[in-house]
Amino acid sequence: MANRRQLVKRRSTVRNIRKITRTMQLIATARFQQAMNRATATRPYAEKLAAMAESASQSASGMEHPLLKVNEGDRSAMIVLTSDRGLCGGYNGNILRLAMGRIKEYRSAEKTVDIHALGKKGLTYFRFLEEDTKSRDVIVGDPPKFEQVAVLADRMIEGYSSGELSKVDVCYTRFISAGVQRADIMQLLPIISEKPEPSEEETETAKYTPRSEVQIDYLPEPKELLAELLPATVRMRLFQCFTDAAASEQVARMVAMKAATDAAGDMIKLLTQQYNRARQTQITMELLDIIGGAAAIS
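The numbering used here numbers the first residue of the sequence shown as 37 and each following residue consecutively.
Treat the hints as calculated values from the structure; they're not laboratory data. Fair warning: there could be bad hints in the mix.
As the list claims (entries may be wrong) - Label-pair restraints from in silico Cβ distances: (1) Glu146 - Arg218: 27 to 33 Å; (2) Thr65 - Gly129: 18 to 24 Å; (3) Lys147 - Asp178: 42 to 48 Å; (4) Gln69 - Ile319: 29 to 35 Å; (5) Lys140 - Arg40: 37 to 43 Å; (6) Lys294 - Gly129: 28 to 34 Å.
Said to hold, decoys possible - Derived SDA-like pairs (lysine to any residue); straight-line CA-CA distance at most 20 Å: (7) Lys181 - Glu83; (8) Lys147 - Ser197; (9) Lys157 - Asp110; (10) Lys203 - Tyr311; (11) Lys157 - Asp190; (12) Lys181 - Met136; (13) Lys140 - Gly125; (14) Lys156 - Ser197; (15) Lys147 - Lys181.
All C-beta atoms in this analysis are idealised placements derived from N, C-alpha and C, irrespective of residue type, glycine included.
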């Protein structure tokens, strides 16, 4: 058993660590609220923009837009969104494992994958694997700004429109709610409609709801609208991925720091118990020495 001086030093060290983790937990909680507000505020606009683009594409019969057609080729792009800082549990690990799994699938099919890693943790990971990464000049701050994300989105749009890329995927953490975040891969290009599956209640309600076709008049013509809507949709969907990733990162860091704070508290209790036992043992030994000495004198 360690002596009392060592136990006191260890307990003091753990207490200092608990103060740090507790402070980081409070900071992550405050940042999470701001990040969640941004993610939830931009989502309705992104969904409506995508719905408008889909409606216009259906009305523009016979039009072929470069962002809607499927390119034939063996080169694709993978955008991987990780964090710049650590101490967020398995947040980065889940994303990188999912991204590498998809990259291996492409390479097993003899396809070339351009890796666009955003975030210092992702860059460090791919550098360790000796993988070549693109878009190192693109810097997205915290919180992410639309102007910064639009630079990367325009680069993907240009590569896909020219036929250089056959597919563009985004690997990130989807923010579903404060309690649920899931690492996911979203197809950014070509543009496909992402309609959530209706729940049982919505399905039952739809059976008894009369359906009516709505005629929409477009001004200017749908073809002209698509030329503006489709690139804007790609930029907004990518920006939504960044805002979801930022909110999910703060949740992961908040949970990790809370677990570290609780573990430090448990360790302090254990060290206190060990200190009390060591102290009681030392007192008992001193009493036995005194009693033995007194008995020897008498």
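Hints and how they fare:
no.	hint	in the structure
1	Glu146 - Arg218: 27 to 33 Å	holds, 30 Å
2	Thr65 - Gly129: 18 to 24 Å	holds, 22 Å
3	Lys147 - Asp178: 42 to 48 Å	violated, 33 Å
4	Gln69 - Ile319: 29 to 35 Å	violated, 51 Å
5	Lys140 - Arg40: 37 to 43 Å	violated, 55 Å
6	Lys294 - Gly129: 28 to 34 Å	violated, 19 Å
7	Lys181 - Glu83	holds, 19 Å
8	Lys147 - Ser197	holds, 19 Å
9	Lys157 - Asp110	violated, 28 Å
10	Lys203 - Tyr311	violated, 62 Å
11	Lys157 - Asp190	violated, 24 Å
12	Lys181 - Met136	violated, 27 Å
13	Lys140 - Gly125	violated, 25 Å
14	Lys156 - Ser197	violated, 29 Å
15	Lys147 - Lys181	violated, 32 Å
When the structure is compared with the earlier hints, violations turn up for hints 3, 4, 5, 6, 9, 10, 11, 12, 13, 14 and 15 and for no others.
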